[in-house]
Amino acid sequence: MIRPATLMSFALALGLGFGLFKVKYAVQGEEQQLVTIEDQIVTDRNAIHILNAEWSQETQPDKLGAMAERHLALAPIKPANLGTYDTLPLRDAPQQTAPEVTGAPAAVASAAGPKQPTLVASAAEAANSGDDGAGLDAMLTAIQAEAQEPLPGHGMKTP
Amino acid sequence: MRSPVLRSEDNLRRAVHFRPSAEGPGDADHPLTRALEMSRIRLVKAGAMFVIAFLVISLRLIDVTVLETNDSHLNPLAVAKPLEYSRADIVDRNGKVLATTLRTQSLFADARVITDPQGTATALARILPDTNETELAARLKSGKGFIWLHRHLTPDVVDAVNELGIPGLDFQPEEQRVYPQGPLTAHVVGYSDLDNHGLAGIERAFDAGLAAHAEPLQLSVDVRLQAIVKEEVQKAIYDFSAIGGTGIIMNCHTGEILAMVSLPDFDPNDMSNIVPATIFNRSTLGVYEMGSVFKIFNTALALENKKATLDSFFDVVHPIHIGRFTIHDYEPQSHPITVAQIFMLSSNIGSAKMALESGGAAQEAFLGSLGLLRPAVIELPEVAAPHYPNPWHDISTMTVAFGHGISVSPLQTLIAANAIVNHGVMVPATLVKRADGYQPAGTRVISEETSFQLRRLLRLVVTDGTGKNADVPGYLVGGKTGTAEKVTGHGYAKKALLSSFIGVYPINNPEYITLVSVDEPHGTKKSYGFATAGWTAAPATQRIIARMAPLLDQMPITETADIHNAYTVDFPGKGKKIAAD
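Respectively, the protein sequence lines represent chains A and B.
Reading the first sequence from the start, the letters are residues 1 to 159 in our numbering.
Reading the second sequence from the start, the letters are residues 160 to 740 in our numbering.
Don't take each hint at face value.
[As the list claims (entries may be wrong)] As a list, the in silico SDA-like pairs of lysine to any residue whose alpha-carbon atoms are at most 20 Å apart: (1) A:Lys24 x B:Gly254; (2) A:Lys63 x B:Ile273; (3) A:Lys63 x B:Gly254; (4) B:Lys300 x B:Ile273; (5) A:Lys24 x B:Ile216; (6) A:Lys24 x B:Leu218; (7) B:Lys394 x A:Gln60; (8) A:Lys22 x B:Val225.
[What the hints assert, rightly or not] To give a feel for the contact side, a few chain B residues facing chain A, derived at Cβ under 10 Å: (9) Phe213; (10) Pro339; (11) Gly682.
The hints are simulated quantities; they were obtained by calculation from the structure and are not laboratory data.
Glycine included, each C-beta is placed from N, C-alpha and C at the ideal position.
Starting from the given sequences, assemble the full structure and let the hints guide the process.
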């Protein structure tokens with residue numbers, strides 16, 4: 001007759017053995033996966049390393065400048081292009097600012113491209129052609145011309 | 160668990176000497192009974208230990224299988240090892256890679272194994288760049304065990320060589336230093352040899368550190384500003400048919416060099432066809448007579464020593480003859496002028512007379528305190544020692560007053576000028592990025608008041624004097640021109656000039672200071688034939704500041720009446736300036 005204690009010990013040993021077996025194989029599997037992943041990480045890091053170098057080379061300022069000149073209607077920012085929300089007029093306010101800058105709104109109207117670059121570009125052109133104060137004014141004019149559509153920064157309505 | 164009560168016939172395997180006596184348990188004092196009692200206790204103890212051990216194992220098993228406690232700290236395997244390169248990267252202040260190490264393959268041959276040297280040479284010459292078939296054949300016939308055939312091959316060439324399948328050819332994995340920004344930061348970053356030893360610039364200065372650490376070295380330089388300075392100095396060189404130029408931008412408070420350009424420059428990726436003139440770093444290794452920018456120091460000395468105020472008059476009508484030298488002015492005056500006018504009109508005669516007031520010894524000590532009599536302190540090996548008069552005669556005192564007879568590097572001129580405008584505090588310059596918010600303590604060289612007066616004068620030069628072409632509306636630029644005649648053989652050459660401009664903005668609390676030098680510019684129609692600093696270096700500075708300020712998120716400053724009045728200098732003949740509204 002098998003005593004309950006012996007039976008229990010037997011069952012325990014069996015259970016433990018099975019558990020240990022499972023854990024061992026699970027660990028082996030995980031270790032293999034770990035090696036694979038580590039290899040992958042090394043490969044990826046190497047690739048990132050090379051890509052970083054390539055990125056630095058491809059984004060050389062003069063290269064970017066030449067490409068921007070060729071493909072974008074953007075000009076380098078001039079001091080006159082800078083302004084804060086405080087210097088912008090309220091949208092509801094009557095058009096008390098922005099002296100007529102011929103060309104700038106027209107450029108906005110005719111341009112089919114994305115809105116923001118057009119604004120800056122036309123403002124920059126205006127700044128090129130006129131005195132330095134005209135750049136910001138042109139920008140404001142352009143923004144007002146764009147007022148039918150809400151701009152990302154329309155929170156300027158609240159002072 | 161087994162009952163502790165002993166049952167004699169239960170266990171036939173019980174050790175014989177444990178068998179109790181036939182009489183059953185005897186009295187406690189019997190030796191047998193004592194032994195029995197002791198062994199029972201031992202048995203229980205041992206059993207308990209085993210039970211505990213099993214319990215621990217089972218608990219741990221439950222822990223890892225069922226509870227899956229996260230115990231990654233026990234397993235260092237899980238941490239992937241960082242990539243090992245023999246040399247750390249160098250990056251700019253925004254993390255853009257300036258120098259990095261890439262793995263490449265280098266081809267070598269074992270000539271003892273090569274069976275057909277001529278055929279191999281023919282095949283290789285077709286694949287390898289810049290190789291000569293006859294030379295290759297000669298080397299392959301040499302019978303040596305190891306011959307470098309070509310270092311640092313591109314992957315496609317490696318594939319092509321492998322396709323040949325010639326025994327005796329093999330690759331050695333190597334590392335190659337690559338400079339993705341090319342010539343842009345060449346003089347700062349420097350370059351290294353085939354075996355990755357730094358030979359110049361930061362590469363050389365930090366050679367050991369770069370080899371020992373994996374972390375990239377972050378420089379204070381900003382490639383965007385570097386590009387702007389290079390473009391604008393290049394334009395000045397081109398416009399005025401000059402032979403070279405320099406441009407430096409420094410943060411007034413931290414001493415960080417944001418840009419340092421020396422033109423002509425070179426491509427550190429291709430060192431095979433380099434001319435020495437391009438490797439030469441004009442900013443630190445070149446020493447020049449900087450000319451009238453020295454009047455910044457001369458005026459500071461006179462004001463600091465209380466030998467003059469902005470309103471003190473000096474007679475500048477007659478040229479000074481001393482020995483075989485004559486000191487004269489570009490714009491001769493017919494009456495005495497004030498210190499402010501001397502500075503604004505850049506009068507050599509007036510400056511010489513001001514210097515004599517303080518004397519040579521004081522002048523020498525002052526220039527020494529500004530670091531102008533020893534090599535500039537910067538993290539570059541290419542730093543030249545200045546040349547200065549020894550002994551320091553009166554004639555030296557007079558010429559040094561307007562920047563002649565003393566040769567210093569553009570960088571140390573900039574560092575010294577920064578001490579004057581930075582509220583009188585000299586901060587050490589650095590090419591390595593400082594921690595955010597860190598400002599070096601610095602050393603005071605002149606009083607806050609003298610610094611303020613000098614800033615007024617620098618602003619005056621830009622609003623009314625020789626530096627008008629440097630003004631950028633909204634940024635309150637101040638500055639000083641300096642046009643020096645270069646020494647050629649015997650004496651000074653009228654046509655060979657070094658035109659420099661030191662610019663600083665905003666003048667009420669300087670943030671950035673710039674220096675532009677143009678070497679041997681020639682006048683053009685546009686500059687009315689002038690090649691002086693006001694026409695060459697000042698406009699370049701103007702373009703640099705106009706482009707860098709928006710890039711650095713600096714809002715234009717409104718010149719309030721307070722600022723305007725504080726930085727306006729009155730002098731006879733000019734009339735009172737009306738404050739801006």
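Check each numbered hint from earlier against the structure, then list the numbers of those it violates in ascending order. Those not satisfied are hints 1, 2 and 11.
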